[in-house]
Amino acid sequence: MFRKLILAPALLMALSVSTGVFGTAAHAQDTPLRIEITDGIIEPMTIAIPQFHGTPDLAAKVRSVVADDLTGTGLFREVPSDSVAKAASFSEAVSYDDWRTIDTQALVSAEVTQNGDNISVRFRLFDIISGQPQGDGMQFDARAADWRRAAHKIADQVYVRLTGEKPYFDSRVAFVQETGPKNARIKRIGVMDYDGANILWMTDSSSLVLAPKFSADGRRLLFTSYDSGFPQIQVMDVATVTSRALTVDQGSMAFAPSFSPDGRSVVYSHEKGGNTDIWLMDAGSGAQRSLTTAPSIETSPSFSPDGRRIVFESDRSGTPQLYIMPVEGGEPTRISFGDGRYGSPVWSPKGDMIAFTKQIGDKFHIGVMRTDGSSEKMLTESFLDEGPTWAPNGRVVMFTRVTPGGNGQPRLHSVDITGRNMRPMKLDFAASDPSWGPLMP
Amino acid sequence: MMNAAMKTALSGCLLALAACAQPAPPVAPPVADPYASVGGGAVFQGDLTGGTLGSQATAEYFQSGVGNTVLFPADQTTLTPDARNVLARQAEWLTQHGNFSAIVQGHAEETGTREYNLALGARRASAVQEYLVAQGVAPDRIRTLSFGKERPAETCSEETCYAKNRRAVTIVNSSGAGA
Numbered sequence: 030m031f032r033k034l035i036l037a038p039a040l041l042m043a044l045s046v047s048t049g050v051f052g053t054a055a056h057a058q059d060t061p062l063r064i065e066i067t068d069g070i071i072e073p074m075t076i077a078i079p080q081f082h083g084t085p086d087l088a089a090k091v092r093s094v095v096a097d098d099l100t101g102t103g104l105f106r107e108v109p110s111d112s113v114a115k116a117a118s119f120s121e122a123v124s125y126d127d128w129r130t131i132d133t134q135a136l137v138s139a140e141v142t143q144n145g146d147n148i149s150v151r152f153r154l155f156d157i158i159s160g161q162p163q164g165d166g167m168q169f170d171a172r173a174a175d176w177r178r179a180a181h182k183i184a185d186q187v188y189v190r191l192t193g194e195k196p197y198f199d200s201r202v203a204f205v206q207e208t209g210p211k212n213a214r215i216k217r218i219g220v221m222d223y224d225g226a227n228i229l230w231m232t233d234s235s236s237l238v239l240a241p242k243f244s245a246d247g248r249r250l251l252f253t254s255y256d257s258g259f260p261q262i263q264v265m266d267v268a269t270v271t272s273r274a275l276t277v278d279q280g281s282m283a284f285a286p287s288f289s290p291d292g293r294s295v296v297y298s299h300e301k302g303g304n305t306d307i308w309l310m311d312a313g314s315g316a317q318r319s320l321t322t323a324p325s326i327e328t329s330p331s332f333s334p335d336g337r338r339i340v341f342e343s344d345r346s347g348t349p350q351l352y353i354m355p356v357e358g359g360e361p362t363r364i365s366f367g368d369g370r371y372g373s374p375v376w377s378p379k380g381d382m383i384a385f386t387k388q389i390g391d392k393f394h395i396g397v398m399r400t401d402g403s404s405e406k407m408l409t410e411s412f413l414d415e416g417p418t419w420a421p422n423g424r425v426v427m428f429t430r431v432t433p434g435g436n437g438q439p440r441l442h443s444v445d446i447t448g449r450n451m452r453p454m455k456l457d458f459a460a461s462d463p464s465w466g467p468l469m470p
Numbered sequence: 063m064m065n066a067a068m069k070t071a072l073s074g075c076l077l078a079l080a081a082c083a084q085p086a087p088p089v090a091p092p093v094a095d096p097y098a099s100v101g102g103g104a105v106f107q108g109d110l111t112g113g114t115l116g117s118q119a120t121a122e123y124f125q126s127g128v129g130n131t132v133l134f135p136a137d138q139t140t141l142t143p144d145a146r147n148v149l150a151r152q153a154e155w156l157t158q159h160g161n162f163s164a165i166v167q168g169h170a171e172e173t174g175t176r177e178y179n180l181a182l183g184a185r186r187a188s189a190v191q192e193y194l195v196a197q198g199v200a201p202d203r204i205r206t207l208s209f210g211k212e213r214p215a216e217t218c219s220e221e222t223c224y225a226k227n228r229r230a231v232t233i234v235n236s237s238g239a240g241a
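Taken in sequence, the protein lines are chains A and B.
Just so we're aligned, residue 30 is where the first sequence starts under this note's numbering, counting upward by one.
Just so we're aligned, residue 63 is where the second sequence starts under this note's numbering, counting upward by one.
No lab work stands behind these hints: they were computed from the structure.
Quantities reported herein were computed from a predicted structural model and do not represent experimental measurements.
No residue lacks a Cβ here, since even glycine has one placed at the ideal position from N, Cα and C.
Be aware that a few hints might be false.
Claimed, not checked - Cβ-to-Cβ under 10 Å is the rule here; a few derived chain B residues that face chain A:
hint, residue
1, Thr139
2, Gly174
3, Arg176
4, Tyr178
5, Thr206
Said to hold, decoys possible - Think about it this way: if two alpha-carbon atoms lie no more than 25 Å apart in a straight line, the pair counts; the simulated DSS-like pairs of lysine-lysine are:
hint, chain 1, residue 1, chain 2, residue 2
6, A, Lys392, A, Lys90
7, B, Lys226, A, Lys392
8, A, Lys211, B, Lys226
9, A, Lys195, A, Lys406
Required output: the full structure, derived from the provided sequences and hints.
Here is the structure:
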């Protein structure tokens, strides 16, 4: 029988999710089709995503996004489905034998129908090897304008069922667009879908802006702005695109802000008289206090997901290294001990890893380590990689890669935390400082 | 680092400060900066129309005649002897022109993270401020900020450019923006 899945409807985006009672019943599986994501994985799982049923143009667009999401992970290889006769309808029984002949392991079947300003998407996933549905069929109802989100929701469901990991496709990324010459860059903050679609510009180009950071609920952005002539922190409401200054002291600098997981606090770098320390601010009252008071540089603070600890960068040892301290402040524990200079640490959503920037010699790397500093691993290497941000499920890291020279440009890239599947983002402009927001409701 | 010719020129300047013809500044004026008109940005606010030709009481003279830029070795924030020479002239000029205030901008080369370089540039700007204050310039006439690696003077990705980007630039104006 059908198992009812109730997912919370999105309040703002009017995207609702419900379990469709359609098609044949899903069978409970003892050993579901599963691709294990490990360092050693070489062969992607083969998946067929034949033409979707329903409203033709829309169905083709949704199918394309689903296929791009899945193959973009590097975990799946799409099998051309031309050789298998198209099913007459979404509810037609699957010809498992036909799919087996073209070496398909998984099959996505879907129907997309448009009714005025609304669309309805139904999908099912099949384990071709064992010859049965994998999980229940699902139906997503959404506004037509949100068709890409509906597609990401389908792809997320497929990803979750085949990897056992949490979803991340239906998410957004804040970033800084960079135009103009290298010595006079013009910067503005944008927000886009994780795949580069639906770009919204959040600031004009009138002020130099740096390093936006999403709140855990994705509703606010922190960033550093030179709007006052001096670097200070601003907070923006994403829905209304209105921002206000959080810090206004022109006798000092404030930068590198980041939210606590509950969104009530902001941790940031505060500079006074040339010395930069970590400070904590109550986002509501504006009350501020210092968490470090060393004469060295302390910057790039990032909260642990439980809100109890903060990882940051300090050069108190002579070179920039990574440290963790309690949210109350106090003596920090150094966690990085390798050669080179460490910076811009960010705590993983699962809480078990730190992603960071590392400079060794004339190369930069994006790396990950456990929170005790063990299992350090470099994921990338180039002239200049920096500023990692975690996908909401902690499987992928996005970062800035800068090419050298007078015409050098920053570009956003992503890489799996196994170090595989390094990809430039599909953007037709230079961009830096990505901040990956939460999975959308 | 400064070359030998510049060092010779500077040492001569110390003996006859006002009369000395200064070498061209190593950094082009930041007039191309799109944010030049914003607050403490690198804006030229001197009056070129009202002053007597050759007047020293202009931001332009401070930039090209006194020298508005000091350079730092890699990853360093302490002032070199060359930098101290430039700053001594800056302090003297600021003492002679009490109606001007100053903003010191700290900068860093592109290697290094954005946040660390902001902090590094702040240290450099502060080192300049402290030196000027020690030379007798009132603290409330000088403000500092850092651009980190956001505003390189030179754009190549080699030491020749990095050496010119590890700098602190003193911008003076008489409109009170630095007060």
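Each hint, compared with the structure:
{"no.": "1", "hint": "Thr139", "verdict": "holds, 8 Å"}
{"no.": "2", "hint": "Gly174", "verdict": "holds, 7 Å"}
{"no.": "3", "hint": "Arg176", "verdict": "holds, 6 Å"}
{"no.": "4", "hint": "Tyr178", "verdict": "holds, 5 Å"}
{"no.": "5", "hint": "Thr206", "verdict": "holds, 7 Å"}
{"no.": "6", "hint": "A:Lys392 x A:Lys90", "verdict": "violated, 41 Å"}
{"no.": "7", "hint": "B:Lys226 x A:Lys392", "verdict": "holds, 21 Å"}
{"no.": "8", "hint": "A:Lys211 x B:Lys226", "verdict": "holds, 15 Å"}
{"no.": "9", "hint": "A:Lys195 x A:Lys406", "verdict": "holds, 22 Å"}
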